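> All residue numbers for the sequence shown refer to the numbering used here, where the first residue is 66 and numbers rise by one.
It cannot be assumed that every hint is accurate.
What follows is a set of in silico ranges between Cβ atoms, one per label pair, in the way DEER data are often shown [stated by the list, open to error]: (1) 92 x 304: 40 to 50 Å; (2) 135 x 275: 28 to 38 Å; (3) 259 x 170: 36 to 46 Å; (4) 188 x 135: 15 to 25 Å; (5) 155 x 131: 27 to 37 Å; (6) 190 x 217: 42 to 52 Å; (7) 102 x 320: 20 to 30 Å; (8) 276 x 69: 43 to 53 Å; (9) 215 x 259: 32 to 42 Å; (10) 276 x 71: 22 to 32 Å; (11) 110 x 282: 41 to 51 Å.
Bear in mind the hints are in silico, worked out from the structure with no lab data behind them. It should be emphasised that the depicted structure is a prediction, and the values quoted were computed from it without experimental measurement. C-beta: ideal position from N, C-alpha, C; glycine also.
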Amino acid sequence: MQKSTRIAVVGATGRVGRHVARVLEERDHQVVPISRSSGVDVVTGEGLAEALNGVEVIIDVSSTPSPEQAAATEFFTTTARNLHQAGHKTGVRRMVVVSIIGIDGSTTGYNAAKLAHEKAALAGPLPTRIVRAAQFHEFVEQLVGWGTQGEVAYVPNMRTQLVAARTVAEKLVEVATDADPAPTGAPYPEIAGPRAENLADAARLLAARRGSPSRIEEVSDPANPDRDLFENGGLLPGPHATLAGPTYADWLDQPTP
66 MQKSTRIAVV GATGRVGRHV ARVLEERDHQ VVPISRSSGV DVVTGEGLAE ALNGVEVIID
126 VSSTPSPEQA AATEFFTTTA RNLHQAGHKT GVRRMVVVSI IGIDGSTTGY NAAKLAHEKA
186 ALAGPLPTRI VRAAQFHEFV EQLVGWGTQG EVAYVPNMRT QLVAARTVAE KLVEVATDAD
246 PAPTGAPYPE IAGPRAENLA DAARLLAARR GSPSRIEEVS DPANPDRDLF ENGGLLPGPH
306 ATLAGPTYAD WLDQPTP
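Kindly produce the complete structure, drawing on both the sequences and the hints.
Structural data, given as C-alpha cells:
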C-alpha cells in the first residue's frame, strides 16, 4: 500500500490506539483519530460517516468501558456493525481489528465478549483481518490495582506471553498497510512477547520496582469455567505467532513505560 494512506484509528486515545497513531505518523500515513474526544461516537454512530470520509483503512483498537460480558459484548458488536455500515457507505477498503490470543474456548467474561466481537467484525461487508495479541505489559499494573486490598494484591493464576502495547501497534500497522493482505480467516496473525511468563511473577517485579503493594498472592477461582484456559497455557501464542520484545522486565526498566 502506498505511503500517505488515510487510516482511521478507532480508540485512538487508548492504551494501544495512541501507539498505533504514533507509528502511523512515523511512517508518513494520515491518521484520522476516532474517539469521543474527537467528536465521534462509535456506539451511537454520531459523526462516524463524516470522520470516515476519504479513509481507506480502519484499525479498530477500541475498548469497552466495562469488562462485564453482556455490556462488553453489546459495545463490541454495536461498534463493529456501525463501522461496517459507515465504512461501506464511505468507500473504506478494509478493516483490521485487534483481539486476544487463545479465546476460542472462552465462555465467560471479557474474552467471550471479544470472541463475539471477532464474529461481528468478520460478518460485515468490509474485508476484515483479525490480529490476536497476548496480554499487554500495561495490563499487569491494571490487574494489580484491581486486586489490591490493603498491602496485598491478589492476582489471578495466568500463564501468558506479555507484550508491549507499542509492539502490538507495530504489528497492527504492518497488517493494515500490507499491499497484498492474506485472505481473512484462521489462523489469525498473532503478536506476543518473547517468552512465556507467569502473571503473578510479573506482578512481583512491578511491586518490587514501585515499592508497593508489599505482597502479591496468586489466586485461582474454581468457579471460573475458563480457569483451565488461563492457568494451563491456553492463552499462549501458537507456532505461527510473531514474537517480539521487550520482555516485561526490560519494559519496566524503560524510562516511561
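> Determine for every hint whether it applies to the structure shown.
Going through the hints against the structure:
Checking the proposed 40 to 50 Å range against residue 92 and residue 304 shows it is violated: the Cβ atoms sit about 29 Å from each other. In this structure, residue 135 and residue 275 meet the distance hint of 28 to 38 Å, their C-beta atoms being roughly 34 Å apart. Take residue 259 and residue 170: their Cβ atoms lie about 25 Å apart, and the range 36 to 46 Å is violated. Take residue 188 and residue 135: their Cβ atoms lie about 19 Å apart, and the range 15 to 25 Å holds.
Between residue 155 and residue 131 the beta carbon distance is about 29 Å. The supplied range of 27 to 37 Å therefore holds. Residue 190 and residue 217 have their C-beta atoms about 50 Å apart, which keeps the hinted 42 to 52 Å range intact. The supplied range of 20 to 30 Å is met by residue 102 and residue 320, whose beta-carbon atoms lie about 26 Å from each other. One distance hint, 43 to 53 Å for the beta-carbon pair residue 276 and residue 69, holds here, with the actual separation near 46 Å.
For residue 215 and residue 259, the hinted distance range of 32 to 42 Å is satisfied, since their beta carbons lie about 34 Å from each other. Look at residue 276 against residue 71: about 45 Å separates their beta carbons, and that is not inside 22 to 32 Å. Separation of residue 110 from residue 282 is about 44 Å and conforms to the stated range, judged on CB atoms against 41 to 51 Å.
In this structure, the earlier hints numbered 1, 3, 10 are contradicted, and the remaining ones agree with it.
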